[in-house]
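Visitor: In the order they appear, the protein sequences are chains A and B.
Counting in numbering that gives the first Met the number 0, the first sequence runs from 0 upward without gaps.
Counting in numbering that gives the first Met the number 0, the second sequence runs from 0 upward without gaps.
Just to be clear, a hint being listed does not mean it is correct.
Simulated crosslink set (DSS-like; lysine-lysine; CA at most 25 Å straight-line) [claimed, not checked]:
hint	chain 1	residue 1	chain 2	residue 2
1	B	K378	B	K411
2	B	K86	A	K8
3	B	K117	B	K67
4	B	K460	B	K411
5	B	K216	B	K117
6	B	K342	B	K388
7	B	K233	B	K243
8	B	K243	A	K88
9	B	K444	B	K409
10	A	K8	B	K77
11	B	K51	A	K73
12	B	K127	A	K88
13	A	K88	B	K165
14	B	K291	B	K342
15	B	K216	B	K51
16	B	K165	B	K204
17	B	K127	A	K73
Just so you know, the hints here were simulated from the structure itself, not pulled from any lab data.
Residue-level listing of the chains:
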Amino acid sequence: MRLSKEDIKRISDLARIELNEEDESLFAEQMSGILRIVNKLDKVDTSGMDQMVTPTGFTNVLREDIALPSLDPKEALFNAADREGAFFKVPRIIEVD
Amino acid sequence: MFEPVIGIEVHAQLKTESKLFCSCSARFGASPNSNTCPVCLGLPGTLPVLNKKAFEYGIRTALAFNCKVAEISGFDRKNYFYPDLPKNYQITQQASPVGVNGYLDVVIDDETRRIRIKRVHLEEDAGKSIHEGGDITGAVFSLEDYNRAGVPLLEIVSEPDIRSPKEAYEYLSMLRRTLLYLGVSDCKMEEGSLRCDVNISVRPKGSDSFGTLVELKNLNSFRAVERSLEYEVKRQSELASENKEIIRETRHWDEEGQTTVGMRRKGLAEDYRFFPDPDLPRLIIGESWIEKVRSDLPELPGERKARFIRDYELPEYDASLLTDTQQLADYFEEAAKEYGHAKTVSNWIMGELLRLMNVTGIGIESVKIRPCDLVAMLKMIDKGTISGKIAKTVFEEMFTQGKSPGDIVKEKGLVQIADEDELTKIVDLVIQDNQKVVEQVKAGKDRAIGFLVGQVMKETKGRANPQMVNELLRQRLAGEN
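Same shape as in the complex, but just chain B (with noise of 0.2 Å):
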C-alpha cells in the first residue's frame, strides 16, 4: 500500500487598487499595455516603491494562517528570461518572508487535520503572454502585455502535509475562504486572482521517507487538482508497485483526456540567483504594527462556524454551509437574531433560499429578500396567517419581486383561510364528490383521509389551515354516520 505525500503552492492576487512597485491600476481586463509605466516594463533607471496596502495584506494573511511575523523583511531579485517578465527578474521574497511556520486547520469527515503553512511571502505577477498560432509549441510569435506585470500576488505554502486527493480540494477550499473572509483577494480562477501548483509523490503507507516529485501544472478549478491528483495516485503508486522508475518531472493536467502528460524536462536545474533588491530597504516590523493588523483581523470562517455551532445550536452540518461566505453568515445571523429560533432561519435559507439562488444563480449579495422579510414572513407562518406551504410560494415571489411578504399575501389572496364556515362548505362538497372514499374512511382506513384533506387543499390552492381540514373533516364524517 501507498499514501500519497501532497504539497500546494497558491498565488492570490491582491485585492488592492495598485501595483506592488507602482502606482500603475492593479484592475483585471483594462485594455493591452494600458496599464503600464516605467516601473513595471522594467525601463533603466527607474525604482520600486513597496505598497503599503498590499504589504499589510501580506502580514494579515500571515496572521490569519497563524504564521511568525517576521521581524525583518525584504525582497529578492529572482532572475531569469522570459518575455512576460520586462525586467529580467521578478522581485519576490527569498530570504524573508513576510510570514512562516503557520498552519490551517481543515475539518474532513468531521475530523480536523491540521495542515502547516510553511511561508507566505509576497512577489510580483509577470505579464500575460498571448502564443500567436494555437499553443506555446507551435506558435511563431508571442504577443506580451504588461498589464499584470508587477500586480501584487501572494504566494502561500504548504508542508507536504496533506494525505489525499480530498483533503487537497478542502485545504484549497478552506484557504479559498479564509481569503475571502480577509477581504485580500477575490479569489477568482476563471480571471487567474487565485492559481494553484501542486506537488505529489507517494510512498509506502507508514514509511517517512519521501518518493520523487512530480509538480503537476494547468489546474483551473479546484476539481481539477482533486482529479489530477487521483490520477496521479493511481500513476505513481502502480509504477512504485511493479518497482519501476518515477521520473522527476512537470506533468501538464489535460481536463479532456482527463490524465496528467510529461511535459520536456529541462537539462540544467534552474539557477535563479536570487539576492537581495538593492532597490528596497527592508521593512522592520516592529511589535505595534503587527497588534494593529491582528486587532484588524476579522473573525475567520473556522472561529464563525464554532460559534454558530456554540450560540445558535446549529448542526455542524448548517453550520458549515452557511459560514462558507461571509455575506452568507451575515445573512443568517441578522435573521437569527431578529426571530430567535435559529434553526428555522437556517432550514429556510439552506433549503429555499440557497435552491433559488442555485436555479438562478444569483449571488447573496444581490438577493432581493432581506433578512427582515424573511423574519416577516416566518412571523406570518407562527401566526397563521399564512400556511408553511403557502409560504413557499411567497418566499419565491419575494425572491423574484423583492416586496414585502405582507404585500404579496396581499396581492395574491394566499391568505390563510381559516374560516370554519367558509371551509365547511368545501369540505361538504368534497365529501359529496369521493363518496368512494368517504366509505374506506367509515371502514376503518382512517389514512384515506389524507387524500379527502388533500382534495380540500387542492380547491383552496394551498390556502386551507390543514389542522383545521382535518379536524371539520372528521367531524363531518362522524356526523354523517
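Excised from the complex, chain A in its bound form (with noise of 0.2 Å):
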C-alpha cells in the first residue's frame, strides 16, 4: 500500500502537524515503507486466534472506589504554557473546516 500526498496531508491535519509541500513528499515516501514493513503481519495467519489487547494477559483489573489526595493546584500547573489564576490558560478555540 502506497501513501498519497493526500493522505498525508489527512493524517498531518488529524494531529495538527503543520507540514510544507516538501514534507509531504517526503512523509509519503516514508510511512509507506513503514507500511510495507508492518504489513508483512498480514501474511501472519492468525485465524483462531482471540485479539490480544495488553500483552499482560491480565483481566479485571480494578481499584475500589476510594478518594485520595490530588496534587496541589500549583504542582498541577507547574508545566503549564500559560495559566490565569488556577486555571489553565490555552488559545481561543477554533473549528477547523
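Two chains, each in its own frame: build the complex with the hints.
Guide: Right under this line is the structure:
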C-alpha cells in the first residue's frame, strides 16, 4: 500500500501538524515504507486466535472507589504554558474545516 | 402528514467518590484544578486503573434497562483534539459496551410504549472550559478546569423509537427516575450531572424510511428537549412538505427565542480512530458477577407503581405521583402500612403535603412530619378529637414546627367541641342573630341551614363537630315552631 500526498495531508490535519509540500512528499515516501514493513504481518495466519488487547494477559484489574488527595493546583499547573489563577489558559478554540 | 423519528443520548455522571481511572475526588464544586493528578491530566507515563464501583454501576444500570450485559467488556480510545481533553483522547467503550439491546417502558396517556435502548456504556468526562470574552466565537482565550476530567459518565443511547416531543419528555423523566432509584447518579441537570443530546428526523407517516438527521444541542432541561423538538418537528415537516432540503447539521436550542439555530458545519466527517486502550485490561463479566449485581437491584419505579395499584388499590394517578421518588414512595408506604386505609394517606400526601412542599420548596427528605405523625393525626380525625377541617390547620403546624399532632391540638386548643351544652349555647346565639335566615329555613328553604352551620363553625373557629351542629340546629328550629 502506498500513501499519497493527500493521505499525508489528512493524517497531518488529524494530528494538527503543519507540513509544507516538500514534507508531504518526504513523509509519503517514508510512511509508505513503514507500512510496507508492517504489512508483512498480514501474511501471518491468525485465524482462530483471539484479539490481544494488552500483552499482559491480565483481566479485571480494578481499584476500590476511594478518593485520595490530589495534586496541589500549583503542582498541577507547574508545566502549563500559560495560566490564569488556578486555570490552564489556552488559545481560543477554532473549529477547523 | 409527517411523523418525527427521535433518538436520545443521555450522559449521566456516576455518583462515585473517585474518578473513573484515578483516585482524584469526583465531587462537584471544588476550586479549579484542585481535583487533578498525573493520570487525569494526561501526563506521560501514567497508568489508568478502573474504578470498580463505577463499573458495577454500569452493570447495574444495564440490568435495570433490561440490557444484555457483555461477557467481555473493554475500553477504547476516541482520539480528538480539544483543550478540555488533556490526553487528546477520551477513554470510552466503543467496541464492547457494558450493556446492549435493552428497553425502557414509558406510560403515556395510559398506554405503555416500549423504547428500545441500544447501548449503555461507561466513559470519562472532559474538563470544563470557560471562554473568556463571552461566548465561544468571541473568546480570545479559554480557561480550563480539569476537575471534571475523568469523572465517570454513563452514556445511555436509545434507538430512534420516540415518536413525539411528549414521548421524549416522558422517556427522559422515566430514565432519570430509574437512575435515581438505582442510586447511581444525582441527575442534576443544573450541575451538569445529567445531559442529553437529541437527534430528530421526519418521514411521511407510516413510512419506515429515515429522513435527514438533525442533532440538537444546548438542552438544559427536559422542557427544553420537548420545546426544541416541537419546534424542529414543525420546521422539518414544513420543509419536507414543500419538498425543500433538510440539511444534516447540529442545531443549537435558543431558550430565549424558543427556536433552533443551525451551527457551522464541519467540512470533514469526524474521524476518531477508535482503538482498544492498551493500558486497560479487558473485563470478563461472569454470570456470578452479573447475578450478584442483579440481586442488589432495588424495586424500580415501574414495578413499584404496579405494586401500589395492586396492593394498596390506588388509582393509577396516585401511584404515579407517589412513586415519583423513592423517598416519597417510602413515606407513603410507611404511613399506609401503619394506618391501613391507603387512599386516605395518599389523599393527604398528594393534597396537603405536596402542596406545602411546593409552597416552601422543601423536599420530602427534609419534611418534619414523620409518617407516624400523619397516622396519629388521621386517627384523631377518626376518633372525632379534631374535625377534618381543623386537621388541615394541625397539619400545617406539624409541617412548620415538626411537633406531634397531639401537642399541637393541646397547645392551640383545637380539640373539637362535641359538648352538647356548649354547642347549644352557640347555636342559640346564631339563631338569635340571624332571624331572617331562620325565617327562610322555616319557610322550607332547607339549604339556608348551611349558612347557619357555617356561622356556628365561624364562632367556634372551625372546632365544632359539624354533624352535631347540623342536628342541634334542626332540633332548635323544630322546637321553636
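Visitor: Does each hint hold? Answer for all of them.
Guide: Here is how each hint holds up against the structure:
1. Only pairs whose Cα atoms come within 25 Å are accepted, and B:K378 paired with B:K411 is accepted, the gap being roughly 18 Å.
2. About 23 Å separates the Cα atoms of B:K86 and A:K8, which keeps this hinted pair within 25 Å; it holds.
3. Restraint check: the Cα-Cα separation between B:K117 and B:K67 comes to about 10 Å, which is no more than 25 Å; the hinted pair holds.
4. Distance check on the hinted pair: B:K460 and B:K411 sit about 11 Å apart at the alpha-carbon level, within 25 Å; holds.
5. Restraint check for B:K216 and B:K117: satisfied, since their Cα atoms lie roughly 20 Å apart, inside the 25 Å limit.
6. For a cut-off of 25 Å, the pair hint linking B:K342 to B:K388 stands: about 18 Å separates their Cα positions.
7. Taken as a hint, the B:K233 and B:K243 pair is honoured in the structure, with Cα atoms around 14 Å apart against an allowance of 25 Å.
8. Using a Cα cut-off of 25 Å, the hinted pair B:K243 and A:K88 is violated, with the two alpha carbons roughly 44 Å apart.
9. Of the supplied pair hints, the one linking B:K444 and B:K409 is violated, its CA atoms being roughly 39 Å apart against a limit of 25 Å.
10. Restraint check for A:K8 and B:K77: satisfied, since their Cα atoms lie roughly 21 Å apart, inside the 25 Å limit.
11. Proposed proximity of B:K51 and A:K73 is contradicted: the alpha carbons are some 30 Å apart, above 25 Å.
12. The straight-line distance between the Cα atoms of B:K127 and A:K88 is roughly 12 Å, inside the 25 Å bound, and the hint therefore holds.
13. Between the alpha carbons of A:K88 and B:K165 the distance comes to roughly 42 Å, so the proposed pair goes past 25 Å and is violated.
14. Taking the CA atoms of B:K291 and B:K342, the gap is near 37 Å; set against the 25 Å cutoff, the hint is violated.
15. Proximity of B:K216 to B:K51 is assessed by CA-CA distance (about 32 Å); at most 25 Å being required, the pair is judged violated.
16. A hinted pair counts as satisfied when its Cα atoms are at most 25 Å apart, and B:K165 with B:K204 qualifies at roughly 17 Å.
17. Restraint check: the Cα-Cα separation between B:K127 and A:K73 comes to about 18 Å, which is no more than 25 Å; the hinted pair holds.
Violated hints, in rising order: 8, 9, 11, 13, 14, 15; the structure is consistent with all others.
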